Structure formats: structure tokens, C-alpha cells
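Residue numbers (my numbering), protein chains in the order written: chain A, 1 to 215; chain B, 216 to 1132.
No wet-lab data here; the hints were simulated from the structure. Values in this document were obtained by computation on a predicted structure and should not be read as measured data. Don't take every hint at face value.
[Stated by the list, open to error] Some chain B residues flagged as far from chain A (calculated, every beta-carbon gap over 12 Å): (1) Y280; (2) H285; (3) N312; (4) I335; (5) W378; (6) T380; (7) T401; (8) V406; (9) K422; (10) T465; (11) F498; (12) T585; (13) K588; (14) C673; (15) N768; (16) K863.
[Claimed, not checked] No more than 30 Å apart at the CA atoms, straight line, and that leaves these computed lysine-lysine pairs for DSS-like: (17) A/K197 x B/K355; (18) B/K521 x A/K179; (19) B/K382 x B/K576.
Heads up, the beta-carbon is just placed ideally off N, CA and C, and yes, glycines get one too.
Letter by letter, the chains look like this.
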Amino acid sequence: MLACLCTVLWHLPAVPALNRTGDPGPGPSIQKTYDLTRYLEHQLRSLAGTYLNYLGPPFNEPDFNPPRLGAETLPRATVNLEVWRSLNDKLRLTQNYEAYSHLLCYLRGLNRQAATAELRRSLAHFCTSLQGLLGSIAGVMAALGSPLPQPLPGTEPTWAPGPAHSDFLQKMDDFWLLKELQTWLWRSAKDFNRLKKKIQPPAAAVTLHLEAHGF
Amino acid sequence: MLTLIWLVQALCISLTTASIDELLHSCGHINPPSAVVQCGSNFTAVCVVKEECMDFFHVNANYIYWKTSHFTIPKEQYTIINKTASSVTFTNIGLLNTHLTCNVLTFGQIEQNVYGITIISGFPPEKPKNLDCIVDEGKKMLCHWDPGRETHLETNFTLKSEWATEKFADCKPKHDAPSSCVLDYTIVYFVNIEVWVEAENALGKTKSDHINFDPVDKVKPSAPRNLSVSNSEELSSILKLAWSNPYFKTVARLKYNIQYRTKDASVWSQIPCEDTASTRSSFTVQDLKPFTEYVFRIRCIKADGKGYWSDWSQEASGITYEDRPSKTPSFWYKIEPSHVHAYRSVLLIWKTLPPFKANGKILDFEVTLTRWKSSQLQNYTVNDTKLRVNLTNDRYIATLTARNLVGRSDASVLTIPAFDFQAAHPVMDLKAFPKDNMLWVEWIAPNESVSKYILEWCVLSDKSPCISDWQQEDGTVHRTYLRGNLTESKCYLITVTPVYADGPGSSESIKAYLKQAPPSKGPTVRTKKVGKNEAVLEWDQLPVDVQNGFIRNYTIFYRTNVGNETAVNVDSSHTEYTLSSLTSDTLYMVRMAAYTDEGGKDGPEFTFTTPKFAQGEIEAIVVPVCLAFLLTTLLGVLFCFNKRDLIKKHIWPNVPDPSKSHIAQWSPHTPPRHNFSSKNQMYSDGNFTDVSVVEIEANVKKSFPDDLKSLDLFKKEKPSTEGHSSGIGGSSCMSSSRPSISSSDETESAQNTSSTIQYSTVVHSGYRHQVPSVQVFSRSESTQPLLDSEERPEDLQLVDHNADDILPRQQYFKQNCSQQETNPDISHFEQSKQVSSVNEEDFVRLQQQQISNHISQSCGSGQMKMFQEVSAADAFGSGTEGQIERFQTVGMEAAIDEGTPKSYLPQTVRQGGYMPQ
């Protein structure tokens, strides 16, 4: 998992600063990131339904609302409104970026556990999409001139299948992962909507030119 | 035997082994060992032969030669590098895929292959162009490109794609579709992806331009599903559409195209795009026609227009709700003959409303009839489109309304005028013409205000009655087309009737064709009259059923059996034509073609022969000929009648009966009977039948020499007159071929003299003289002269006086040639009297005809010869000797009659030498 995260984080800084000459600004990419979060939200809704069904009752019951146990390592999306409002753009983006970096790693673990091929395909697609979101956020951050956060060596996500977890607790972790993802996507949508409104795009169509020299 | 087979097999095996051995140990090699060459470039191959082989075969590099697929390459392309190596160079290589072999000629002639390589030429790949991708919703992304020119080599394309943060797996096109590739991962929207194509073959490697796009902008959404149409009872002009959007709606906003058409139409109308530019799942279409079935379809695309339009949805149809009829029905009437006195049978007719005017299902029609100036109403509810009513001769107002589920149409009002109404004011300048496969009618409106026009038409035919169809046009219309099932090449009689407020106006009619065609039958031509040089042809007008158009003209073709055909154009109004300048007695073939605007048709061929003679020509020939013949016959008869005595005498001679002769005394010297036909027998024949006895005194007068002179004069002319001896008189009764008395000098023989003497019919003189003294009797066939002499003693006496001094008398037999009943002496005497007042010469000329008559009356059979000549002379009007002689004789007689003392001597006496001695 760590390797996974590290890989992601290792690659992302390699994304060079966006070529801003003649660039209309970060507006379009913000919009695109916003659209992607909305799309992922939608995607996750169906994926979560399928996955919770796979987990079985009581996880697939609509009113199932377990306490958040064992999922402390998951980045929390819920935040005090005042705190959220007080966040600046860079911080907001950084939080998003860090959260999705972690969540993606956890999700990849989920993918490996999934039983059915269809579910694995859906999870894989979602992972790819989420990776795309990470790239988008990185792009926006680059466009806004904020550096990408470096991976912190000590903060290794504790999401690892092991004997320490019972099957139920494992499922509980999966449940919370999906729930936290959903919350994050919701929050991200709000973040990018806010950011979008803040930075009105001067031009309509802009393409983000990313140079993938690092690959 | 077996041993031999074994030996052969062993030999074969050993040889095969040897050759394999040789192959395994190649004698040399070619450098390069294989070649892929670019077209248009140069290529050089070097063949190096091992020295041991060279030695074995006793050859060197000069013996190396190159072949490509069995064709030896010219030596000019070779280069001897050293003793064991030779190279070949190809310049500007074209397209090829061939084997190049290096060979040596061993022992001067045996080909030995040393080595071979394959050469393939082609092109390096071109840079792929027009790379584009499409994401079919629910499927994976497909990218396609233009690979450029054919390389003729195996070329590999690789589609590469990457995010800014991640590289995706390469996409290799399938063999059957080398210029497109489907990416095998599920695409992620809203993250830009960079895509390019790399192409590589043996001659090079290239890659296309990179394209960077968000896959969401390359999406072709699924077509909207479950399109449904529903109508509204409140509004008959709207239909509501509803559909299910594709899943892509959750990814991006959509816009739509909604198209519709009426069920029977083929062209789609489209709802304005701005009305459907946002994501939705229903739409209300307005401004539709009531009670009309519409068909709809819908498609979608990403709202910003990026990407591709989805396919059209399945079509869905719906019918707008009914509305009240929007138009009044066409309404007209016909008056039919009625048997009831003071009533008219009126057939009211109307048309069902077309669906777009009926706006629903027409349930029934309501007809109301109102008598003029009366409140009496007659109401009828009819499901049919006609109503027969009996009306009085008064004026009526008829109204008609159509009813459907929703309501009634406006009323259509028609005035049926009174019985004695006089229609007037027709339309003017009515025209009908086909255009765009429709029959148009055009007219100029009358000056009066027209409420509507009624157009009626029917097919004119001799076979079937004119069943008319009709239509109604508004009063403002002055040009329309006939809305009916019209047939081509049928003659339509179109009638236009303007309808005024007080009743219909006068009708105008015109004939027209929707489309003309050549007549289906040609006219049958026949002759009315055939003349020698002309023929009058006639034909009947073609029946209207076969005309197929307006007959514009006819063409008459006629020809003889051998001659060229002649064509004559005849105006269509004619039914008769005269062919002139024909050849008589010739067979003519004539046929006739009738032409409409679209062509013509030949009729059957008719054959006639011109007669040899024109009418009346035969009559013109025959009648005059007959008349001439008749006249001739008549003249002949008349002549014969006039000369009946002569004829009678000639044919039925009057034989005197001797027993009845008073003075008959048979002379003992019977003179030889006169033979008409033979001079020699004239006197030898004792059978006298036609002889009179004449006695002539040879009395020489004082004037005698003159007479002689004149006679001589005439004698000289005689030869010229000889030919004229066959006059009418001569031919009719004087057919003797004997020479006339004056035929020649030599013929002035005794017999001639006797003829002449017999002309000297001074029978009475002779007779007179013989009476007392000379008893010379001659047997006379006729008693007439004798009787005559007896009957006319005075005459005889008179002559006697004059001839007293004539001595001696000459007596001779003379053939009595005339019938004595005609009393020649009298006529002779009369003629003599006539000439008495003129001098002798004049007398001679003037009295020719008379003399002729005289002669014909008085001459005897023996005189005929002379008469013949005389008559001929008369006919030709020139004097002859004979005439003169006779004239003189006459003159003598005249002189006797006048009592003039003239020498009297028959000229014949002088001529013939019968002068009295």
C-alpha cells in the first residue's frame, strides 16, 4: 500500500510545471476537475451499491450506520464549516490531493479483494478515474502555482488486510472507505465549485498541456 | 533385373546425397544476405565465391553472373571486384519482390547456382494523419487515422496514449483494420488524454502528431430511448414527447434534435435547436395540424456540441386531437329531368372534406333548403355526399355543413335559381394546359363578383358516356389544376362555371389533354374519285378515342409500285384531298398518317389504279367517230339513195322486155353485144343488153376548128389529170379500171370513141334522124330513150331543125348507160339553158358541177369511165379534157337550144376518129 502511495506521490511531483505561456489560466482545469468529482460521485454511487451488496447485510441496508471503528487512518472529509471556509485555495487543494492519494491506495487494496470480475472491473475503472482526479488536482495546483505535497514517510496508511482484522471489521473498513470516498467527493465538488467561482475562466476552451517527461 | 533396379536406386541415392552435400557446403554467399530496399534508391549486392569452388569449377569472378527470377541481369550492371567477388548494382529500384541469385558457368556452359537472396522494395511509412478518436457510449474508445501511402512492406502501427501522470498500454491494431484501434481500458472522462500513432516498417519509423483531448468531448452518446407521443384533448395542435436519456446524461449535459413529419410525408421538419439545447426528457411540439398523425424521432449530443451526435432514436408517432372542420365542403347541384309538373328534381352534390380540412372524422352533413322569400326550411342530415330533392320552380337557397366529433364547419351556401333564370357572365379566355403532370385551367374572371367557380370535367369518348367529375374553387382563384385521377392521352372536356350570389353564370368549355400521344390508329384513306391524272382522296376524322391528342395535321404518302414515296401535308380540318399530277394507268399505294403534338400514326395502305383514259375521253373519241361513221354511212346511204337509179341499173339492170317494145325490130345484123369489161368483146358479143343505138351526123360546123383547138388544149393537160380518176363519184359507182376516154392519146381508139359517142347523147338526134330514113336498129336494153324520143317530138324536132344540114348522119351503136326514166334530156336541156347567158369559157368552168350531175344522171354504163373522170375533175376543181369535151358537147346543145347557129359536132367524133365520113 505504501509502495502504491509512494508510486503515486513519486510520479506526481514529476509532473512539470504547466506550460503557462498563453495559458488561459486554471479555470478550465478546475471546471474539469469539478466535473470529474461529480462524475466520480455518480460513479461511486453505483459502485458502492454493488460493493455493499457484495459485502452483504447489514452493510447494504440503507439505514446501516455503524460507528467509525478501525478506520481512523482514513482521511476524514468531514470538517467544521468554519474551518472549511477559512481554508485557502492551496490548502484546500492540498488536502484534497492528500486525501485522494490515500484513498486511492486503500481502494486498490479493495480492488484486489473483490470477488466478482464485474466488481473488480468496476473498481479498477474507479481507481483509474480516481487517479485521473488526482492528476487533475495536481494540474490545478500546478496551474495555481502551489507545490505538490511531498509524501510523509511516517504517515503510512494502516489499511492492510491482516489477521488483526476480523472479516466483519474488514467489511466495516470497506464500508467506511466507500463512505469516506463519497464524502470526500462531495466535499471536493464543493471545493472545486468554490474555486471555480473564485477564478472565473477568462476563456472557454483551454487544454491543459502536460508534459510527461517524467515517465 | 532386380539387380539393375537396385543399382539405379543406389545411384539416385548417392547423387541426392552428393547434391545435399553441396548445398550444405555452399560455394559462396551474397552480401547483404537479404535486402529491403526503398523504391527509387540504388542497391548493390556482392557475390563472393569460395576459392576452392573456383578451383573445382575452374572459374573465376568473370564467370559469375546474376539472375533475378530466371532472368539474367545484363553484364553492364556487374562489377568484378577481385578474383572471387563480383557485384551487381540496381539503380532506381522500382517496386519488386524478387529473388536475386549468384551463379557461375562451370566448364563454360553448365549453370551452377552459388547463392540467392530475396530483395523486397517498398517505402518507409508516412506520418499518420487525421488521428481522431470516438467514444461510443458504453464501449471503449476507438481511434482511427489515415496511414498514408501504401508502403508495400509489413508496417506496424502502434496507438499510444497517456495521461500527464500515467502511461497506458499500447494499442495494436487488428490485422484486418490496420488504421484503427480500440483502447482496451475503460476511458475516464474529464481527464485529458494524449494520443498518437507510431508507424514502423523495415525502412523506417514515424509517428503522428499528438492529440490531447478530454474523452468526454469525443463521446457519441447512446440514442435516447422509449420515445413516446401523446396528444392533448385541450389543444388539437400539440403533441407531447417523452423519452429516456442515455446514461451519458449523468456525465455531461445534452442537447437534442427533434424531428417530425406527417405520416405520409417523407421530409422531416426539425424543431429549432435553441428549443432543445438543454438536457430534458420531454418536449411539447406545437403548431401541428389537428387530427393528423405525426412521426417523431430524437437524437442527442453533448450540450456544448463536442463529440458526436447519437444515432436517431426509434420513431414514434401520435395523432393530434380533432378540431372542428376548418373549411366548408365544396357544394354544387344538378337539375335532373322531372316527370312531375312544376317540380324540379335537383341533385345536390358535395365533396368530402380532405383530412387536413375535416380535422377529424366527419360524422354527417346537414343540408338546409330555404325557399326564396319564405321561412319554410327543409333540413336533411346525410351521411352520403349527395341529396336528391324535388323543388318547385322557385328560387332556393341551400346550405351545407359538415360535422365531426368536435363541431360543425361553416355553412356552404348555394343559390339554386328559379326555373326561368337566365345564366350570364361566363368566364373569359378559358385555357387549359398540362404542366408538371397536372392539367391546369386558367381563365379571366368576369367583371361581376364571383362567389366561387365550379370546374367540371369528363373524358370525351365515343364508347362511354361523359361521366363528369367536378371541383370547387374560390371566387378569387383564376388558375387551378384538376384534382382528379386524370389519364394521359384522354380528351377532357373541361367546363368552368362561375357562381354568383344569385345563381350560376354561363359555362365555358374547353378540351384538353393531360398528355398527348400519337394516335393509336391512323386514318383510313380511300379514293372518292380517281381520274386519269388525279385522285380525290377522302377519309373520316379519327374517332376521339383513338386520337390521343389534338390532330394537328395529316400527311398523305403515296407512291407507285416502283417510285419514291411522296408525302403531302394536309391540314387537320380537311377530310378530302386531291392528288394531282398522277400518271395514268398506274397502280398507286396511298396511306395516311395523323399527327398529334406527340407524333403520328399511319393508317392502312390503300391501293388504286388510275385509269388509262380520263372520264369522257373514250366518249370524246368514240362519239365523234361514231358520228363520223354515222354521217358517212348516212351520206353514203343518201348518196346511194340519190343514185339509186344508177345503182339499181348497175346491180339490177332494167332489162327491157323485147316483147313489150313497140318499136322492137330485130336487126338481121345483130351487133356484137357490148361487154363492159372487155374492149375486145365490145362488139363481138351479140347479146346486146345495154346498148342504145345512136346516130350521129357528121356535120362539120364553122366553129369546128375552134372546138378542135380547145380540145387539143385540154388534151395536153390530160396527163396531169389522169390521177384524178378516183373521185367519190367514181368510187361509188364507177369502179371500172378501164382507161377513160381521155386517158391517153393512144387510147383514142374505136372503143373509146364509142364511149365518147355514147356520151354524145344526142340520142334523140340520132333517133330523130333515123326515124325516117335510116333504118339502123340497134338493140336497146332500155326502152326509155326510145320512148323519150317518142314522147318528145318537139324537142326532137327542134334539134332536127338545126341539124337539117348535117349530113351524112353517123350512126353507131352506143352503150346506153343511163336509165332513161330520169329523163336526161330534160335536165340536159335545163342545164344548157342556164349557161346560155355566159360565154363559152365561163360556162365551161361554172358548169362543172352541173355537168357532173348531168352526167351522173344521164350517163350510160359505157360512159361511166368518162363520168368517173369528170367527177374527179369536178372534185378537184380543175378542168380536164373529158370535161371540156363534155362541156363542149353541152355547149353545143346549149347552142342548139338557143338556136344559135353553132357548129355542132360531138368532140368525140373528132377525137375518136368517128367522124362521120
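Quiz item: Against chain A, does B/Y280 keep a CB gap of more than 12 Å to every residue?
Solution: holds (56 Å)
Practice problem: With 12 Å as the threshold, tell me whether B/K588 passes as away from chain A on beta-carbon distances. | Solution: It holds; B/K588 is separated from chain A by about 80 Å at its closest Cβ, greater than 12 Å.
Exercise. Could you let me know if the closest chain A CB is still more than 12 Å away from the CB of B/N768?
Key: Fine: 76 Å to the nearest Cβ keeps B/N768 off the interface.
Quiz item: When you look at the beta carbon of B/W378, is every beta carbon of chain A farther off than 12 Å?
Solution: Since the minimum Cβ distance to chain A is about 6 Å, B/W378 lies within 12 Å and the statement is violated.
Self-check item: Pair hint B/K521 and A/K179, alpha-carbon separation not exceeding 30 Å
Solution: Distance ~34 Å between B/K521 and A/K179 Cα, so the pair is violated.
Quiz item: Taking the minimum C-beta separation from B/F498 to chain A, is that value above 12 Å?
Solution: holds (25 Å)
Quiz prompt | Verdict on B/T401 as a residue remote from chain A, using beta-carbon distances over 12 Å | solution = violated (4 Å)
Quiz item: Would you say B/T585 is clear of chain A, with no C-beta pair closer than or equal to 12 Å?
Solution: holds (73 Å)
Exercise. Test the statement that B/T465 is away from the interface with chain A: the closest C-beta pair must be farther apart than 12 Å.
Key: Non-interface label fails for B/T465: nearest chain A Cβ at 5 Å, not farther than 12 Å.
Exercise. Check the non-interface label on B/T380: least C-beta distance to chain A beyond 12 Å or not.
Key: B/T380 is in fact no farther than 12 Å from some Cβ atom of chain A, at 4 Å.
Quiz item: Just checking, B/H285 versus chain A, shortest CB gap more than 12 Å?
Solution: Non-interface label on B/H285 holds, nearest chain A Cβ at 54 Å vs cutoff 12 Å.
Quiz item: Non-interface claim for B/C673: all C-beta distances to chain A beyond 12 Å?
Solution: Correct as stated: the minimum Cβ-Cβ distance to chain A is 70 Å, above 12 Å.
Comparing the model with each earlier hint shows violations of hints 5, 6, 7, 8, 10, 17, 18, 19; every other hint is respected.
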